[in-house]
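A.B. asks: Below, each chain spelled out in residue letters.
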Amino acid sequence: MKTKNFLFIFYILITVSAYSSENQNKHLEVYKNLRCLVCQGQSIADSNSDFAVTIKLVVQDQFSEGKTEDEIYKFLISKYGEWIVYQPSFNKNNFLLWTLPYVILIFGGFIIFLIVRKTKHTNVN
Amino acid sequence: MKINISKIIIFSLVVFSLFIFWQGLKKNNNYDTKNLIGSKISKFRLIEINNINQYISEENLKKNKFTLINFFASWCSPCRIEHKYLLNLTNKNKDIKIIGINFKDKKNNAINFLEELGNPYSFVGKDIDGKISILFGVYGIPESILVDSDLTVIKKIIGPIDQIQYEEILKLAQ
Chain A
1 MKTKNFLFIF
11 YILITVSAYS
21 SENQNKHLEV
31 YKNLRCLVCQ
41 GQSIADSNSD
51 FAVTIKLVVQ
61 DQFSEGKTED
71 EIYKFLISKY
81 GEWIVYQPSF
91 NKNNFLLWTL
101 PYVILIFGGF
111 IIFLIVRKTK
121 HTNVN
Chain B
1 MKINISKIII
11 FSLVVFSLFI
21 FWQGLKKNNN
31 YDTKNLIGSK
41 ISKFRLIEIN
51 NINQYISEEN
61 LKKNKFTLIN
71 FFASWCSPCR
81 IEHKYLLNLT
91 NKNKDIKIIG
101 INFKDKKNNA
111 INFLEELGNP
121 YSFVGKDIDG
131 KISILFGVYG
141 IPESILVDSD
151 LTVIKKIIGP
161 IDQIQYEEIL
171 KLAQ
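So the sequence lines, in the order shown, correspond to chains A and B.
Our numbering numbers the first residue of the first sequence as 1 and each following residue consecutively.
Our numbering numbers the first residue of the second sequence as 1 and each following residue consecutively.
With the rest of the complex left out, here is chain A (with noise of 0.2 Å):
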């Protein structure tokens, strides 16, 4: 019967354990997406500032409330606008952001591949 206890207590510490440790991640997560605004180059989870303390709090808050990281980057834009995010969505104003690495690397593997050609077409003659 002891043994049984004991089991049964290990398995319940185990369970919160795995389960507290879980949502600290999620929230480690989301505090390394955000900047601290008052901190020179330092996210949310880097800073003990009164803002980030705050904006942590703000994020635990809306955790428990049942909604999603997108949600709460969300929020947090409308309050603060784009820059509080280290990732930017994708949208019209930062398209470029986004697409122009691929792009380049297209026209550098097309540039590559115009030289490489050449110089076979050269070597050829």
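Fair warning: there could be bad hints in the mix.
[To be verified] Heads up, simulated DSS-like pairs for lysine-lysine below, C-alpha to C-alpha not over 30 Å straight-line:
#1 B/Lys156 to A/Lys56
#2 A/Lys79 to B/Lys126
#3 B/Lys34 to B/Lys171
#4 B/Lys65 to B/Lys131
[Claimed, not checked] Here are the computed distance ranges between Cβ atoms for each label pair:
#5 A/Phe95 to B/Asn51: 47 to 53 Å
#6 B/Asp150 to A/Ile111: 53 to 59 Å
#7 A/Thr99 to B/Leu172: 37 to 43 Å
I should point out that these hints are in silico values taken from the structure, not numbers from a laboratory.
Note that the Cβ used here is the ideal one computed from N, Cα and C, for glycine as well.
Given the coordinates of chain A, work out where chain B should sit on it, guided by the hints.
C.D. replies: Quick look at chain B alone, frame taken from chain A:
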């Protein structure tokens, strides 16, 4: 004459990059939350500093022609500087009601602050943990937000109110 496509592409990319860089230099990078102007304020519930049973919400602000929501604290020295302008606003324009939100402060210190400098507020609420300030897009104090009866933000002042901003508030609330 043979056109070298790769040279044209590289040249275009360099010109384009320089253009983007030049545009970036022209852009003002000072962060502010002036983008909130024109938007509606969020729902809130503000508890009175002296009486936990008394509170106001955004619905109460609809009754005022204009409301200036001012975030202050006794430990904030710029708040002392702007205080005379808040008192003047209350005396000068009866259409503007000022709501004070006491930010992360001790109750007694806030009461002493208002006794010493005067109370320009029609309601003083407390924001002990700062969560209400987030609803208003505040990231430091003092900050003031002027809203009309539709709860639309018409002006946001980051930092202490000075003579110029004081006059601007009076002009906007005519």
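A.B. asks: Would you mind marking each hint as holding or not holding in the structure?
C.D. replies: Now the hints, each set against the structure:
no.	hint	verdict
1	B/Lys156 to A/Lys56	24 Å, holds
2	A/Lys79 to B/Lys126	20 Å, holds
3	B/Lys34 to B/Lys171	18 Å, holds
4	B/Lys65 to B/Lys131	26 Å, holds
5	A/Phe95 to B/Asn51: 47 to 53 Å	52 Å, holds
6	B/Asp150 to A/Ile111: 53 to 59 Å	56 Å, holds
7	A/Thr99 to B/Leu172: 37 to 43 Å	41 Å, holds
Hint violations for this structure: none, all hints satisfied.
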